[in-house]
Structures are given as C-alpha cells and as structure tokens.
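Protein chains in written order, with this note's numbering: chain A, 55 to 323; chain B, -2 to 142; chain C, 5 to 637.
A few of these clues could be false.
To be verified - Calculated cross-link-like contacts (lysine-lysine; reagent style DSS-like; alpha-carbon spacing at most 30 angstroms):
#1 Lys114(A) with Lys167(A)
#2 Lys510(C) with Lys77(A)
#3 Lys286(A) with Lys8(B)
#4 Lys351(C) with Lys10(C)
#5 Lys176(A) with Lys510(C)
#6 Lys635(C) with Lys517(C)
Read the hints as simulated data drawn from the structure, not as lab findings.
Quick caveat: nothing in here was measured; it's all calculated off a predicted structure.
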Amino acid sequence: MHKINIDGQTVEVEPHRQSSTEKTILEVAKSAGIYIPTLCYHPALEPYGACRLCLVEITKPEWKEWSKLVVSCAYHVENNLIVKTSSEKVIKARKFILELLLARVPESDVIQKLANQYGITKTRFSSSLNPEPPTLNCILCGLCVRVCDEIIGENAICFAYRGANREVMAPFNKPSEVCLTCGACAFVCPMGAIKIEDIVDIRKISISKTEASLVRCKNCGVTFTALPVSEKVKKKFQTLQELLELCQKCRRKKTIEKLSYGPMAIRNI
Amino acid sequence: MKDIFNKYEKKDENILGLLEDIQTEFNYLSEENIRKVAEAFGVPLSRIFGISTFYKSFSLTPKGKHIIWVCSGTACHVRGAPKISDRLTQLLGIEPGGTTPDNQFTLETVNCLGACALGPLVVIDGKYHGKMSVDKIEKLLQDYK
Amino acid sequence: MNNTKKLASISEFENLANRCISAKSKDIAVISVCCGTGCTASGALDVLARLREEIEKRKLDTTTDTLFTGCHGFCERGPLVVIRNLKGNKNIFYQQVKPEDVAEIISETVLTGKIIGRLLYIDPTTKNKIISEEELPFYKNQKRLLFGSNGKIDPTSIEYYIAIGGYSALGKVLTSMTPQRVIEEIKKSGLRGRGGAGFPTGRKWESCRKAVGDSPNSGTLHTTGYVICNADEGDPGAFMDRSLLEGNPHSVLEGMIIGAYTIGVKLGYIYVRNEYPLAVKHFSIALQQAREHGLLGENILGTDLSFDIKINRGAGAFVCGESSALRASIEGRVGEPSVKYIHATEKGLYNMPTVLNNVKTWASVPLIINNGADWFSSIGTEKSKGTMIFSLVGKINNTGLVEVPMGITLREMIYNIGGGIPGGKKFKAVQTGGPSGGCIPEKLLDLPVDYEALTQAGSMMGSGGMIVMDEDTCMVEVARYFLAFTQDESCGKCTPCREGTKHMLKILTNITKGKGREGDIELLEEIGNMVKDTALCALGNSAPNPALTTIKYFRDEYESHINQKKCPAKVCKSLIKYSVITDKCNGCHLCFVKCPEKAITGTAKKPHIIIREKCVKCGICFDVCKQDAIKIE
C-alpha cells in the first residue's frame, strides 16, 4: 500500500502497476474528506490543469526542505508523498489566481463567492483589458470543448486563436453544423456561461450559435429533447425506438407498464 | 491543388505540413480548403479550424501582393526596429498584422530571422534588406509601389 | 563522387571513408564561400557564382576549387571568403567580399599569391591587418568543436562529412559498444541538454532505454519509442541551431542515429521552425544521402539497426519549443503544453518512450564517442562540461556565432571575442537565455558562463542567445519587449500565464509611457513571482524573468520612469523630447527636408526649431544631422 500524508492525515492507497494510472492527489483528498477547490476539473474528463486553482504543495522525504506546487487534479500519488492543501504558499497561490479571475470576469458570482472564501473582495488588476467577451464569464477552463470531444464525440466547438485572444467557438464563428444542442457543454460549465434557450419549438445554444427543432413527446406532447440528440440516440439504440419517442415521464410510465406484464415481458422492452 | 493534397500520407502528423503548403500556394487558408483538409484527414472541422487560428504561419484572410516583414528579434529591436515598424505604419496606414485596403501590402512583425548582423532587418517578398533605417525605408517602399 | 550503392558493412564504410579522404585532400587551392543565411542575404551566392565563372574562364579548375559552405560564424563581416591550401599561406581570410572583388581575388591572390589589403580584417585595437583565420581575435579565443567544420565542408554533400571523419563514431558504436556502454560514456562526459534546461543527457537516455526495455530492434519499422530533435529555435537573437543544421546537418544526424541505437528505437523526428527553409532543405538532402549510403533506413551498415527520421515543420508558435507542446504539434494538434507529470522518457510522443534533445546536444554525441568522455569532461567547469555555442548579438562589434568552453567569463566573451561595444559606448547589460532569461549587469561581467552561475544570477543559459546592451538601451523597455513577446506567444491555456503576463505587460507599458504609479514595481515583482510558481509550462514559469532581473539590477531606471517621468537611456518616446541645439545648427535645412511630419521650421542658414506638438520622435533628424545639432532629452 502507498502511504500518502495529506495535511497531517495518513491515507493508504492501493498501488497501481503503472505510475500513470495511479490515483491523483485530488481523488485521494476527496476520499479522505479534504476539500480542494477546482474549476476546470470534471471527474468524467481527462485532467486539464488550466485553471490552477487546485494547486497544492508537495514534498518528499528525500527532498529535505524543498517543496513545489503541483495541480492536484493531475499529479499521480506516489508512496511517501507529503501533501499540504492549505499551506501559506498554497493559499497565496489560490488568492492570486482568484484575483486574476476576478479581473477577467468581474460580474461572475461564482468567482466572487470563491474569492470571498479566501478573503478577496476586490482585485488590483484592471478589467478593462478584456476583449469584448463573446461569452460573458468564460474563464477558458475548456470543460465545454472537452466534454464535446471526449464524451459527446461531436467536437462542435473548439479553442480558437491563442494567448489573451483565446476564445471558444464553433468553426469560423459560424453556427455549428454538427452541434447536437445536447447541452452537455452548458451542463459542465462551472460559470453558467453557456445559455440553452428553449423557445416554443426551437432550442438555441449560445456557444455554438446553433438552433435545432425540439421534439415533442408522442404521448403527452411536451417538448423533451432536441431533434439531433434524438436522432443520434435512436441510431445508437435501435431497439429502444419506441421508448425514445417519449418524454422521460412517459417513458418511465411505459417501462413500468411493460414490467408489470411479468418477467417474460422484460425481454421485449 | 490536388498535387498538394496527394503529396502527404493522410496521417495526423502531416496536417501542419499540408496546411503550410496550402498557405504558401494560395497566400491564405480559405474556409473551403480548411474543410477539405478536415475531410481528407477524417478529423473534426473544429480541430483544423483551431489549428489554423493557433499558429501564426496561417492566415484566414488573403495577404497583400507584397509581404513586408520587420524582424522583431532582440538584436534588431535593440538596433531600432520599432521605429522602422512605426514608420511603415505611418506610410502604409496599417498596423502590423494588417493589409492595405488596396491589397498591395501586408505588414508583419516577425520573430527573429537569425540574420542579426544585418539588423535592423526588413524582408520584402523574401528579399533581405539589412541595416535598414527610418530614413531608408520610405525609399525602399517606393521600389515596390 | 557518385556512389549510390548502399554500404552493407562497416568495412565497406571504411573503404568509402578512405576514398573520400583522398578525394578531398587533393593538392589544390580551395576557396570556401560562406553561404549561411546571413551572408547569402548580403550577396554571397553572387560571389560564389562569379568565382566559379572566373575560374572556368581562366581554366584554373585543375588547381583551384570553390566550396559552398554553411555559416562560419563571423556574421558581422560577411560575405566571407576563406582561401585554403594556397602555396605559401596558411589560409587567407577575406571579409565583406563583393562580386566586383572576385576578378582581383583570382588574378592577384590565386594566381600570384598577392594579398588584397582592403579585404583583410583590421584589428580595431592594434590597427593591424590580419591574414589568416586562426589569428583573428574573434576566432582565436573560441574552441570550435561543434562549429569548426562548418567552414570546411559542403553541407549538401555527404562525402565531405565522411572525409573529415563523419560517421566513424557510428561505426565505432555499431562495432564495439553496447547500448549500455554508450549510455555510460555519455553520462561520464557530463553532457547536459543544450536547449535550455541543461538536464544531464546520459540520465535522460538511460531512463528512456529502461522504459523501452530490451525488446530487440528488428528489421521492420514499427517502433518502441522515438528520438526527437528540437530545432524550433525560437529565442529572438538565437540562430546557432539554424547554422548548425544548415552548415553541418550530418553531425546532428549521426548523433540521432547513435541515440536511436542506444535507446532502442526505430523512428525519429526533427521539428524545425518553418522560418528556416534552408535548414530544412539541407537536412532533407542529408537524410536522402544518408539513406542512399545505407547509413539510415533498414539494416544500417548491414547491422540489425533500423532507423529513419521524418522532418516536421513548425508553424509559427514559440511555445512549440516546449517539449509537450512540440509533441502535440507533431501529432497534428494545437501546440498546447500538457499538464502531465509523467516524464516523456516514459510516455512521450504518441504515449511512447521518447528522448527529446536539442540540435547542439545531438551534434555533441559523435564528438564524445570519437574523442572519449574524459576528453569532453576535461573542458568546461565542474558541473558544466564541454563547449557551448552562443549567438553574440546586439550592441557588439563582432556580431556572430561563438563557441567557447563552459566557464569562460562574460567579460572575455564580450570584449576579447566580441570586440567590445561599438561607437565607444558603455556596456550596460547582457541578456542571456532569451525571453526566459534575464539581464546581467556590468558588475557581474566576471561571472563564468555555465548553467549554475547564470541561474544563480537570476538568468539562465537557455539555448545560448547573448544580447549585448549599451547605455542607449532602456532596461524598462527591454523588459516590456520580452513580456510583449511572451504574451504574444502564450498559448493561453492556463490562468497565471495568460492573465498574469497580460497585467504585467500593461503595467510595464504604462511605465514606459510615463503613466507609472507608486507601487508598480512591487506589484510587478509580486505578479512575476506568482506567475513563476503557478504557471503550467516553462514558457509561463520563465516569462517574468526579464522583468524581475531588470528590476533587481536596474531598479533606478524603473524609479526614474515612474517618479521623475524620465527615461535615462532616452528611448521611451513619451518621456523624451527632441530639440535643436541652436549654437550647433548651421541651418543646412536637411532635417526640414527629411522630417516626415513637417515638424521642423527654419530658414536657410538660420538655426531651426522642432515643433513639439508635431514631433513623433521618429529619430530621422537625429540620424541625418551632420552637425550633431539634435538633442534628445
């Protein structure tokens, strides 16, 4: 067993064969009940290390007094690792990141709340350097881009340009041709910066500038998903066609109906 | 165009090379060509678009007939390159990165070209003009007008 | 020489080597013309063409030959022509040669042995004319182990490289050294990465070999890992990698083949900036010729070793010099560094064990194999072995590429080799390590040039750029310049680099515009130190260095800009004004004519006046005035 020391607490971790599949500091901390703030991290996606908020201070016995800051979302634990999640160095770093973010997205209550937790109520940095925000409150954490790539598989949006001009957009900043309007991006966005609007029979997603028709439940008529999503899911789960044309509520009702016909009926669901 | 495409095996590591050849041939990357590349390599359009906007070699808008590079390497900088760049901005009415409305000139400040002994260096259409000065630049420009 | 038969054994190679040596040691005079990018831009190719014409015209081809070579390093004095093996002279070094000089060179020097005085280099202190290359102070104090062959070989012809002993190190390795033995030798030599970080090369190779394991290197080209040459030399003012690739590509290639054998991989890449077309061209030719001779590809020299290399070009992103960004770029993606804490030697390119080394590091390998680790480690200091190539540029008399043993002092480099500051101006600082490095002031000029000393001073070795600055350089402006560079090149992924350097740049720009405020210096230091600690990659970690070192050593200049709104070096436009010194002005009207803003008034023969409101401080009047009558304050 690996023995990891986090904030004075010894945690035992099952070792993995390869160092690259070991648990990360963040995962181990979570299981030990220690909270580390994050913004660009999501358990379903590969660690990205961009926001830098989850920085922690690590050292090892052989390093003597020397220590360094690493992002806990991506650092794989090793035996005898010593981690400090709230040392002076760490707090200073977190405050710095939050102060920078506050300057970038001054109107965001998410950042304001986080900053307040660390005693920061205002920023010394100028907010006037921000380009006209195409997406208000975006901190370029990349979760939207990454979920559309790694989980949805459509790659409808991407990072464009670089440095201070970096932005998230669909190709050519035109309405995306492949966006399903599934809303996964809006779901993972920690800033609530992506808007999904359902207006009568149309769904609009701000970030990909895409519009799609909404699908109405065959049973009760309520709109419950967007057409591209429905088509993709139906294609993937051919045998569930009937259920997929119903809204979640009606689907549940139908499934229960079928189940009540006895064990044999389950096979035909 | 077909020749450029066929030159490369369709492995991801050739994406940049192909885009560079297209940029050199057409002076920019058109939306149509970016789409063609994505299709040819079987990768998402957004990936090629992201690449086209990330790397400085690529331009999504056509460049001018004459491309002026002012080397902004440290040695040239120390020898007065910014003044030359400013003068060109004055004379052409465009900022570095821009193209004149008549599409004649594109002005760019480029990273060190490694000819530091010739600094300050101005390159026009690939021709090197070393030991440039604010005084000499207007005359040089006339040769291309 | 036309030999396209693949060498199937070491002994066949040795036969070829002997043939090449005798072919290249014919007793004829050789006129080598430096055709590196710098000299070519000054007309070297015309000089070469004229020489060939003249030799043909006068039917001298049996006694005189020309040689197209890569960069000789003394760029300030180009175009360079060096005549060797002419009876009676060690060699003759002609500088600033023009095509019009060629006829005289042939008729006077080649035919009658007469030296043309005006083409010789004049020592600025002794005022003596110097005839041979070795006597030039510029070259005398160098130790040109890696670079010295540039002037003696045609980089587009493998026979020249073989004739000077090229590929004999590969032969030695393949016949008498196991991979383990090679690793021991490289470790013992003390070679450290020449790309910037200075990581011990032997240790890097050892970890990668361990990760690759002992899988046999069989004939097909599926690979167990990769070797990569980082030729994305992006530091402004650095061009040694380019010159080495242009002038002696095989030295790099040989190093990579030895590396592939040692580490046990079959595929390699070289990632070159696309702004280096000549380097790409010469390296391509080298690859092709090596393949034709069986020195690259399957079953190299008839052994089990199979290895080949692909050239990938960069596309204008400085950040792609960072190892994980470089790999992303090769893989056909945006050059964003990755956050992975796993070493590339374990999981690198395409998640396979990878060794990434700089051009100069690879070129050092054949030298070490041929001459031994002990020889290499006898050069340099305790922790920094061997030689290093620097590009000495900026406010320096002898601009060029300089190769010196580690441990030489900055003073020796700048004065003995560099020839000091032009115009009799006072030295102010030397910037080492490019945008990741720092500025070193006069009081530290006796610092030895080695990894540790430079790092301790707040700078770093980097890839070897050395930019000299004098009293007319504004250090605040220098900091602003470097930060503008890193800001422009930042990939934008992580918060501290993207946002932090943006704010630092804004503060610095304000200071240069006279809008600096009390507390700005402290704020810059705070942001700078935080960005250093929290950024994701080496670009961000080191971007604040120029600002931090200039604050450390030139704080008074910052204070002058902020408190007195004055730029001591008279550079920052918002803080200076141009005026005419009435007693010196003779009314020649030249400045009036040249002023692009019509900001000067005056009648002929009467002192002129500059109109403040119209003056844009372009400096033209100052440059053209023959009376020194323009004052900048």
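Indices of hints not satisfied (ascending): 1, 2, 4
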